[in-house]
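Colleague: Sequence:
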Amino acid sequence: MSTEQKPKTIDPGPLDGADANGDGHISAEELEMHMEFKRKELEDADAQRDAMRKMTWFALFGMLLYPAIILITTILGQDKAAQLISDIAPTYFVSISVLVAAFFGADAVKGKTPSKK
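Residue numbering for the sequence shown follows the numbering used here, beginning at 1 and increasing consecutively.
Don't take each hint at face value.
Using 25 angstroms as the maximum straight-line C-alpha spacing, the simulated DSS-like pairs for lysine-lysine come out as follows [said to hold, decoys possible]:
hint, residue 1, residue 2
1, Lys54, Lys40
2, Lys40, Lys110
3, Lys54, Lys6
Label pairs and their calculated CB-CB ranges [stated by the list, open to error]:
hint, residue 1, residue 2, range
4, Glu41, Ser95, 29 to 35 angstroms
5, Ala68, Ile26, 39 to 45 angstroms
6, Asn21, Phe61, 50 to 56 angstroms
7, Ser97, Ala47, 23 to 29 angstroms
8, Lys112, Ser27, 30 to 36 angstroms
9, Glu36, Val98, 36 to 42 angstroms
10, Val94, Leu71, 42 to 48 angstroms
11, Gln83, Thr56, 49 to 55 angstroms
12, Thr9, Arg53, 39 to 45 angstroms
Hints are computed from structural coordinates only; laboratory data are not their basis. As the structure is a prediction and not an experimental result, all values here were calculated from the model. Heads up, the beta-carbon is just placed ideally off N, CA and C, and yes, glycines get one too.
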């Protein structure tokens with residue numbers, strides 16, 4: 001029975017870029033720094049998904065409530081206000097749609113580019 005310890009090995013892929021000083025050895029500090037960086041990447045991706053979800057819901061509610069606001073102003077006898085709101089409706093709907101499409105399109109393009117490690 002041998003008392004020698006075998007050297008620990010690791011697959012090359014998961015820790016690419018963890019050797020910050022390039023000496024061929026990943027120290028505990030370098031490993032911790034690498035893990036913190038990966039944790040921050042996950043938090044950022046989660047925050048971006050949350051922002052996209054909130055923006056989408058905000059746009060959806062705005063597009064659904066816009067006709068209701070026109071109806072309410074008409075019922076309250078504010079015909080001039082209803083007319084003004086109705087006049088800008090096409091611009092509102094197009095601009096909100098373009099904003100959401102641009103945000104999702106930029107995210108899709110960013111997702112297809114190879115990540116830098």
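Colleague: Evaluate each hint against the coordinates.
Modeller: Now the hints, each set against the structure:
{"no.": "1", "hint": "Lys54 - Lys40", "in the structure": "holds, 21 angstroms"}
{"no.": "2", "hint": "Lys40 - Lys110", "in the structure": "holds, 18 angstroms"}
{"no.": "3", "hint": "Lys54 - Lys6", "in the structure": "violated, 51 angstroms"}
{"no.": "4", "hint": "Glu41 - Ser95: 29 to 35 angstroms", "in the structure": "holds, 32 angstroms"}
{"no.": "5", "hint": "Ala68 - Ile26: 39 to 45 angstroms", "in the structure": "violated, 59 angstroms"}
{"no.": "6", "hint": "Asn21 - Phe61: 50 to 56 angstroms", "in the structure": "holds, 51 angstroms"}
{"no.": "7", "hint": "Ser97 - Ala47: 23 to 29 angstroms", "in the structure": "holds, 24 angstroms"}
{"no.": "8", "hint": "Lys112 - Ser27: 30 to 36 angstroms", "in the structure": "holds, 35 angstroms"}
{"no.": "9", "hint": "Glu36 - Val98: 36 to 42 angstroms", "in the structure": "holds, 38 angstroms"}
{"no.": "10", "hint": "Val94 - Leu71: 42 to 48 angstroms", "in the structure": "violated, 21 angstroms"}
{"no.": "11", "hint": "Gln83 - Thr56: 49 to 55 angstroms", "in the structure": "violated, 30 angstroms"}
{"no.": "12", "hint": "Thr9 - Arg53: 39 to 45 angstroms", "in the structure": "holds, 41 angstroms"}
When held up to the earlier numbered hints, the structure conflicts with 3, 5, 10 and 11 and fits the remainder.
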